[in-house]
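Protein chains in written order, with numbering that gives the first Met the number 0: chain C, 0 to 251; chain Y, 0 to 509.
Hints in this document: simulated from the structure, not taken from any laboratory. All C-beta atoms in this analysis are idealised placements derived from N, C-alpha and C, irrespective of residue type, glycine included. Don't take each hint at face value.
Here are the simulated BS3-like pairs of lysine-lysine, each with C-alpha atoms no more than 27 Å apart in a straight line [claimed, not checked]:
1. C:141 <-> C:196
2. Y:411 <-> Y:370
3. C:229 <-> Y:301
4. C:225 <-> Y:301
5. C:95 <-> C:76
6. Y:469 <-> Y:393
Per the computed footprint, the stretches of chain C lying under chain Y, defined by three or more beta-carbons under 8 Å from a beta-carbon of chain Y, are [unchecked claim]:
7. 205 to 214
8. 219 to 232
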Amino acid sequence: MKLQNIKLAVLLLFAIGLTSCEKDIAAYNDEARVYFFERNTDLSQTRISYKSFTFLLLPLDVTRDTFLVRVKIMGDKSTSDRVVRGRTITTGTTAKEGTHYQFIDGIVPADSIYGYIPVVLLRTADIRDTSVSLNLGIAATKDFQPGVGEDSSIVLNWSDNVVKPSNWDGIISLTYYFGTYSAAKWRFIIATTGKDKFPLQQSGRVPPAPGEYTSMAMLDLNALLKAALKAYNDSHDPDLTDEFGQLVTFPL
Amino acid sequence: MKFIFKYIAASITALVLLNACKKDKGNYDYITVNIPAIDTSGMGGARYVERYGMLDINPAINYDGGNKAALKYQWLMYQYVIGSTPPTKPTRILSNSLHLQAPVTETVGEYRLELIVTDTMNQLKANVLFPVIVSVGIEYGVMVLHGNNDSSDVDFLITADAVPVAGITPRRLRNLYSSATGEKFPGLATFIAQERRTSSTQNWISLGSDKHLSRMSGADFSRLREDMSMFRRTDAVIAPQAYMILNNSYTALINAGKLHFYTTTYETDALFGGAVPGDYELAPFLANGTSSSLYAVVYDQKNGRFIRPAGIGGSMINFNAPAVGSNMSFDHRNIGKDMLYMDRGFSIYTHSFFKDRTGTGYWLYVSNFNKTDDGNLVIGAYNMTNLPEITSAKFFQASELGYVDFYATDRKIYSYDYQGTNTATLVYDALPAGETITCMKIYKPRPNFNLTTAEGRLLYVATWNGTQGKVYEFALNGISGQVTSPARNVFDGFGKIADLSAKARGAGTY
């Protein structure tokens, strides 16, 4: 009996001893840091390391656009806005700062753990037929040091070039509504409509599938484009001309 | 012994097997088993019933040699589907009696009603099918848009004269719009129009007010879309003035003085694009007599001329110059008058009523827009200036049955013999004191299946006495212009009536 009590006591002590292994959660005592926090919407919120942008969907007179990259802080929230800023990581960067992009200050708002680093992308002539990349890092500011690990960089890629749609030519095709293809015309269509895909209803005998453009819809786009082209030509000299030296026109 | 037994057993087996080869001499006793026959003679085929209406079918059963008392009956109603599409509505047992008397609770659509007769003694079955089309009772009739300056509603009139269709009971359905949507139709109402292309799903009703446009289902008056959702472009303004599906299947809308149009049979594609470009401001009238090549003929009130779209997506253009040797009574490119009304008349000609901009002249110009523009579209110009009370005329209608048109002042109706004597005859002047006319329409159902004996032979006159609106249904002679008094039917209790329109079913199913 006595031996049993001793065994029980030893077991109890061992269990108590195990509880001492619980880890203390240390407070963050380092300086404030910030890291990129672009995540996919899947359950595990996988990391996004590459983002792209096209100027194509913007009106032709738009020459710059500000791209925002989401960041998250390390450390405590602040009661005031704090400044964040991007920097160039030369490795993997083909764009030229000042020519293709500019950095401006962004903020992490007060009482927030998230903010955005802005990069001003410039619509230059050379990106009409190529794309450029920026390996974006985080610059040290008065408020933040760059974070550490894989989220300390992200690649941005942007362009203003066009690719001829696969359904431009053929029996049921965009030719009827848009005419002969040219990159200048396609660029104008995209800039005017804000869309770069026009899947066509394949048969009038069946209801149009979601997202498909019917003949009536395309004819209305044709009218819209003709009016927009007239407005453009009335305010520009010379009239809109394509890469083959031909005036851009629309049929019908 | 054992050896002998083997032989005996083998012999017996051989005999049994050989017995199977015995020739069948056919000496059997046959019993005739009859199948119950369902006699549906005289009952017709398809049933067109209103939702919540009663189905009453009592077929005879012929069962010679059978025991009728052993029969059991089952009436089933199930959704009619085409192809391999599965039904979306459950099958329902309506009755277990031979005499079916059951309400139809199914929603609007096409169904099959099946009677299954089973002999419980031998489980032999017989069946018969009836197509059943369930509606909400607005297949045929007259739509009345009425209300006040702020909002309106729609009543539906079904009269024996307007709907000479077997199985249709005269009645009045009230407040369809608010019943369907929970609210009145907002704004000062301007029009109600049916948009029905037969044998297609294009079966809609459009309502317009000074600030609102709605599309309702022609089957059950449920709201399909409204306002900006009826346009393709986000910069559209909502100021609908006139709406019509033309005889060329283009649907035209005059909105804020501009023309929008489309042609399609799919509701999701039935959206108006941008206004046809051009320098014009339209009179709010459309006529149902336009060739496909002309798309939609409209009158430019600003510049005093008829114009038409060059095409879908094209701009407004003038008509061709009159051809050499053509009727030169007028030039569509240069009318220079104010349009009072436009309507389809006899021979699918377009009748346009005008008032001179200077002076006191009134005119009827008749055109044939139902062909390509060959420079020979003018039919004739008729001077209405000396017609009685023409300066007080507010409402105009053109008969499609003969050379007679109609105009109405506040209280009187005249028929106008434009082709013969060029005179007008007072054909009705018996409104009760205090009532003034707010709308006048000849009954012109489009499409006109089952309604040809009524088409053009009724005249609907709406009045307002300061308190309530009324609808008078007159018998009309569309050839002589005679209006028969008293009215065939009078309906009261409306708000101020802004518009009336025939509603027809068309052919085919929904």
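Checking each numbered hint in turn, tell me which of them this model violates, lowest number first.
Result: hints 1, 2, 5 break, sorted rising.
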